[in-house]
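Go ahead and model the full structure; you've got the sequences and the hints to work with.
Heads up, the first sequence is in UniProt numbering, so the first residue is 1 and it goes up one at a time.
Incorrect hints may have been included.
So the derived label-pair ranges between C-beta atoms look like this [what the hints assert, rightly or not]:
no. : residue 1 : residue 2 : range
1   : S91       : E137      : 16 to 26 angstroms
2   : H16       : A145      : 38 to 48 angstroms
3   : Y81       : K54       : 30 to 40 angstroms
4   : N40       : V178      : 39 to 49 angstroms
In silico lysine-lysine, DSS-like type, Cα no more than 30 angstroms apart, as pairs [as the list claims (entries may be wrong)]:
no. : residue 1 : residue 2
5   : K223      : K7
6   : K54       : K7
7   : K193      : K7
8   : K193      : K54
Because the hints were derived from the structure by calculation, they are not lab data.
These figures come from a predicted structure and were not determined experimentally.
Note that CB positions come from ideal geometry on N, CA and C, so glycine has one too.
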Amino acid sequence: MNAQRLKQVFDRLSEHHGPLNWWPGESGFEVMVGAILTQNTAWSNVEQAITHLKQANALAPERILALSPEDLGALIRPSGYFNVKARRLQSFCQWYLDQGGQEILSGWDTRVLRARLLSVNGVGPETADDILLYAFERPVFVVDAYTRRLFSRLGMVQGDEPYESLRASVEALIGEDVPMLNELHAVIVIHGKEVCRPRPRCNACVLLEECPTGQGLNRFPPKPRRSS
DNA sequence: ACCCAGGGTCATA
DNA sequence: TATGACCATGGG
1 MNAQRLKQVF DRLSEHHGPL NWWPGESGFE VMVGAILTQN TAWSNVEQAI THLKQANALA
61 PERILALSPE DLGALIRPSG YFNVKARRLQ SFCQWYLDQG GQEILSGWDT RVLRARLLSV
121 NGVGPETADD ILLYAFERPV FVVDAYTRRL FSRLGMVQGD EPYESLRASV EALIGEDVPM
181 LNELHAVIVI HGKEVCRPRP RCNACVLLEE CPTGQGLNRF PPKPRRSS
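Below, the structure is given as structure tokens:
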């Protein structure tokens with residue numbers, strides 16, 4: 001992974017898709033809820049769930065905790081795994097209030113805040129980094145399936161590296177540039193949704209010209225290794 | 001009738 | 001430490 005190449009890819013994606021002003025959501029808390037609901041789930045489904053929460057005036061930690069698991073599950077049903085996610089949302093909200101809310105949480109160092117987020121049941125590395133970057137504006141790079149697919153197709157990484165390994169290499173090249181980290185993950189996701197499909201049926205990818213002899217394109221998205 | 005989507009946890013060997 | 005099972009809806 002090379003800094004100049006990364007910047008080149010970023011510039012090209014931004015030129016084509018940006019600026020995106022992520023994350024879609026009106027408040028930090030909405031970002032956090034969306035980050036949990038979008039786990040392994042299409043965003044269009046999450047939008048429906050969030051709409052239901054807003055209609056029920058439930059998009060606040062106290063309100064989510066006040067709902068029964070069944071009622072909360074009914075509201076977020078379109079986002080899939082609704083039983084699991086209802087529990088995860090309530091675990092998260094309980095933690096959020098126990099910690100003292102947005103202002104107190106904002107006072108923590110990024111490393112500390114990340115560790116605390118990861119301690120919540122249902123918050124894994126990607127969800128934690130979504131929240132850190134898009135709700136707390138911390139300089140972290142979010143690794144997701146789109147990132148692995150794109151970078152491996154472009155021959156920039158193997159693709160099956162552990163989460164922390166990929167995150168660290170990109171952060172090392174970009175530094176603490178929050179706006180750039182924000183936009184980079186955003187354009188990778190939009191690019192993945194609109195153009196760079198899992199199976200090689202895309203001929204429209206602006207980056208494909210740069211894929212070594214189409215070899216990158218035919219590479220199936222790799223699965224991450226478990227740990228170090 | 002498939003395949004896919006902005007993951008994470010838990011049990012088991 | 002490493003797999004595998006499981007979670008579930010909606011759109012293409």
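Right, here's what the structure says about each hint:
{"no.": "1", "hint": "S91 to E137: 16 to 26 angstroms", "result": "24 angstroms, holds"}
{"no.": "2", "hint": "H16 to A145: 38 to 48 angstroms", "result": "20 angstroms, violated"}
{"no.": "3", "hint": "Y81 to K54: 30 to 40 angstroms", "result": "20 angstroms, violated"}
{"no.": "4", "hint": "N40 to V178: 39 to 49 angstroms", "result": "26 angstroms, violated"}
{"no.": "5", "hint": "K223 to K7", "result": "25 angstroms, holds"}
{"no.": "6", "hint": "K54 to K7", "result": "38 angstroms, violated"}
{"no.": "7", "hint": "K193 to K7", "result": "21 angstroms, holds"}
{"no.": "8", "hint": "K193 to K54", "result": "26 angstroms, holds"}
When the structure is compared with the earlier hints, violations turn up for hints 2, 3, 4, 6 and for no others.
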